[in-house]
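Residue numbers (our numbering), protein chains in the order written: chain A, 1 to 496; chain B, 1 to 330; chain C, 1 to 119.
Source of the hints: derived by calculation from the structure; they are not laboratory data. Just so it is clear, CB atoms sit at the ideal spot from N, CA and C, and this is done for glycine as well. Keep in mind that a hint or two might mislead.
Which bits of chain A does chain C cover? Going by a derived footprint, with three or more residues having C-beta under 8 angstroms, they are [claimed, not checked]:
hint, segment
1, 139-148
2, 160-173
3, 176-182
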Amino acid sequence: MTLTTHLPALQVVVPMLTAPLVVLMRVPGLAWATAAVASFMAFIIAVSLTGAVLQGGSVIYLMGSWPAPYGIELRVTSFSALLLLIVTAASTLTLLAGKRSIDADVDPEQQPLFYAAWLLAVAGLAGIVVAGDAFNIFVFMEIASLASYVLIAAGPDRRALPSVFKYLVMGTIGATFYLIGVGLVYMMTGTLNLGDMEARIQEVGDLRSILVAAGFITVGLALKAAVFPLHAWLPSSYTYAPHMVTAFLAACSTKVALYVLLRFDFLVFQQNLPAHAVQFFIFLMPLAVLGVLVASGVAMFEKDLKRLLAYSSVAQVGYILLGASLGSVMGLTGGIVHIFNHALAKGALFLAVACLGARIAQLQLKGIHGVARHMPWTMAAFVVSGLSLIGVPGTAGFISKWYLVSAALQEGTVGLILVAVVLVSSLMAVVYIWRVIEAAYFGATPSSAKPAGEAPPALLVATWVAALANIYFGVDPSLPLTLSTQAATTLLEHLP
Amino acid sequence: MVILFAVFLLTLLALTAVAIVRTENLFVAVMLTGIFSLLMAANFFVLDAADVALTEAAVGAGISTVLFLGALALTAEHERSVVSGRWLSMGIVVVTTLILIYATFDKPRLGDPRAPVHQHVAPWYLDQTPELIGIPNVVTAVLGSFRGYDTLGEVFVVVTACIGVLFILGVRRGGYSPSPDGDRLTTAGSGLRHHLIPKVVGRLLIPFIVLFGLYVLFHGEYGPGGGFQAGAIIATGIILYALLDGEAQALKAVPRPVLMGMVVGGATLYGAVGVAGIALGGSFLDYSVLADDPVKGQQLGILIIEVGVGLAVCGSLLSIFHAFAARGRH
Amino acid sequence: MELFGLYNYWVFAIVLMTGFYAVIAKGNFIKRLIGLSIFQSAVFLLYITMGKVDGGTAPIIQEGVTDQVYSNPLPQVLILTAIVVGISTLALGLAIVVRIKESYGTIEEHEVQSLDRSS
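Using the sequences and the hints given, assemble the complete structure.
If you want it as structure tokens, here you go:
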């Protein structure tokens with residue numbers, strides 16, 4: 001056995017076991033460097049796992065060498081590889097860029113604890129993604145959630161505290177609903193392994209119990225994923241968290257919950273609810289459409305920069321669900337590739353906001369008037385990533401919208417309405433992104449608040465790396481598209 | 001007879017839950033929560049879940065009550081009764097309850113040995129544990145080895161909470177000297193110094209509590225118990241000491257850096273056993289490769305990780321307690 | 001007699017929703033956390049109930065006894081973990097409430113909201 005066979009375990013273990021060591025460090029700089037190195041190693045592992053999946057299909061790892069379903073199995077598929085890339089890349093990039101920004105938000109003496117919590121969040125998210133066992137997902141979901149609460153509570157504004165309390169309560173309800181659902185499925189099948197569940201649940205004749213279980217699991221995960229109308233925790237949490245935490249979590253945390261939701265719904269419940277496709281169509285599609293329209297609408301009138309982008313995130317979750325609710329390979333591919341592309345666009349936008357935050361205390365629209373003259377590079381990166389969020393051709397965002405629209409067109413009359421929804425909401429995105437650009441480029445600088453020049457170099461470089469990634473994956477989307485198409489095909493293979 | 005007893009306990013449990021929600025005095029609510037946990041533990045015992053009963057008693061009735069009281073001392077004792085949308089909430093709750101009860105009618109009856117839940121994985125554990133692990137307590141075998149990765153995750157959940165509480169309540173490490181007059185959380189504690197009976201009786205109990213904790217730790221393979229329960233029980237003993245003699249004395253007995261060392265050491269010990277599995281040619285958390293005889297290796301691995309769990313849990317719970325207590329002085 | 005076999009599940013449903021009511025209807029942050037822990041405890045009851053076997057005993061294998069029936073060990077293992085998760089969430093939630101009290105001077109949601117609006 002070479003070390004490469006252990007990669008699925010190491011993906012989780014490396015950041016997780018580094019965290020306690022970081023707690024012991026007394027020098028904040030050392031704690032930061034260790035966390036960044038561990039996060040970078042996790043990224044390297046994710047890249048190698050992606051290579052392995054592209055070459056030879058799913059990678060399976062048996063914890064403690066116990067055979068599944070008796071022991072716990074880890075399973076890395078194309079879908080999980082995509083998510084692992086997002087989580088580890090977002091964490092590494094924000095950590096490398098964010099030392100100055102975090103120094104400004106977090107007391108130096110408390111920083112080792114902060115970086116330990118950060119690594120635990122990475123380990124938790126990665127642990128959810130590689131898990132092949134329903135209860136194991138719950139355990140790592142809790143590690144990720146608790147660590148995220150800590151990171152958000154580090155926000156300098158006191159309003160971070162009630163926001164994170166709301167997140168904690170809603171997140172715990174979501175996790176407990178998920179646990180009830182898993183318990184009900186376990187009652188029917190006698191197993192916790194996802195693959196095994198899929199096989200054994202077919203023998204369950206009784207539809208009522210499956211429906212109740214599916215309901216609990218879907219609602220619980222939808223709470224965690226901030227699916228409209230269960231998104232109430234998200235805007236405030238993202239607004240008052242430290243800038244770097246917002247950039248990291250906005251890129252990956254709701255997506256991981258969506259990943260579990262799609263996996264559970266398609267792999268475990270799909271064959272057993274005869275009209276599953278119809279249920280997805282009837283229940284989730286209206287929510288997705290409403291989420292896209294309402295959240296974009298709120299974003300258009302929002303004055304706070306971070307809150308504006310946070311509402312836009314709620315809308316993007318709607319797009320991902322919309323793709324999934326179409327129930328076709330094309331639609332699901334669009335939804336999954338949007339997980340990747342939205343992470344790129346929103347990560348880059350929040351990084352640009354962090355650049356602004358390094359120089360401007362109040363991130364309101366009226367506070368950034370004329371800022372483009374003093375911070376031209378920051379605002380240029382904002383424009384590039386904003387275009388990707390809107391879905392302009394040549395950017396990553398265009399790819400997902402293209403897939404969503406093409407998939408919708410296959411659906412007849414309903415499809416035409418959906419195309420209209422995508423177009424209208426894209427126009428709404430133009431409006432809210434434009435309001436920021438208008439203020440920054442064409443507003444008159446108030447003489448009192450002149451920002452002291454460009455953002456710190458490390459932060460600016462990272463922002464541009466993320467912004468250019470939006471262009472790169474817009475021109476050559478083969479990697480995310482290959483992974484998404486494979487993921488969508490696997491999920492839909494299970495349709496009866 | 002047992003059924004009547006179980007029905008009585010369950011009814012009491014539901015009534016206590018309603019009483020907790022109805023009372024507006026938070027102190028009363030917290031005390032009732034302790035009773036609720038004890039009733040829950042009794043129910044678990046009736047349902048043959050000895051390990052879980054022990055844990056629920058130590059954690060639910062012990063640790064969480066202390067944490068609630070600590071938080072109450074720092075916040076407020078009464079809730080101001082503004083209930084928003086009471087009828088809407090009541091409606092949602094009643095409808096969901098009815099749906100849940102409706103969904104139970106086709107569930108397997110309590111204790112039915114033919115239920116699917118007893119068919120697939122569970123019998124395998126009961127059959128294979130004597131052969132593969134060689135210890136009598138199947139719960140410990142599943143917890144420590146078959147699903148050892150979950151338990152590793154569980155330890156890190158506690159460690160995350162400990163890191164989080166220390167971060168949020170801003171407790172600085174090292175060079176820390178608590179004031180000798182005690183603090184708000186343990187005002188009652190320093191008051192207890194002058195109350196002879198609680199003090200003498202409490203002091204008498206502490207050694208037995210700690211001894212019982214150690215017994216639970218090392219006897220977990222044969223009887224109910226294990227690292228988590230032991231850590232929680234020992235932490236309770238030391239918290240009792242803090243309540244009787246003041247937090248300063250407790251910190252003198254087990255200083256903060258030692259607690260941090262227990263948290264980090266315990267979690268790292270568990271992780272190190274996992275990595276040793278890889279290094280010796282097995283997979284992560286594979287204890288079979290730890291000794292020449294796989295069964296001996298399993299037993300060794302479970303013993304080490306139980307010690308790791310106990311250290312991490314005890315250290316974390318005590319650090320969390322001290323963080324709340326220290327906050328009272330500011 | 002048959003219905004007694006389902007009584008555990010009914011108590012699970014009632015306790016679960018009692019806790020849930022405190023979480024959604026109460027404005028006091030500590031009361032919400034109390035509700036949240038009742039809500040989580042109810043799930044423990046669900047799992048332990050499904051693990052019970054008639055005439056069984058705790059799953060600790062006795063040497064030399066061959067015809068003993070044992071209750072299902074797996075739900076017990078899962079709930080041990082869930083109890084730990086519950087206390088961890090509670091500790092973190094209480095720490096946040098303490099900080100809210102220090103920065104706002106209250107732990108009632110409507111008072112916090114009106115303070116935020118006026119600032």
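For each hint, the structure was consulted:
Counting residues of the segment 139-148 of chain A whose CB falls under 8 angstroms from any CB of chain C gives 3; the rule of at least 3 is met. With 8 residues having a Cβ less than 8 angstroms from any Cβ of chain C, the segment 160-173 of chain A passes the three-residue criterion, so the hint holds. Counting residues of the segment 176-182 of chain A whose C-beta lies closer than 8 angstroms to any C-beta of chain C gives 3; at least three are required, and the coverage claim holds.
In the structure shown, no violation is registered for any of the earlier numbered hints.
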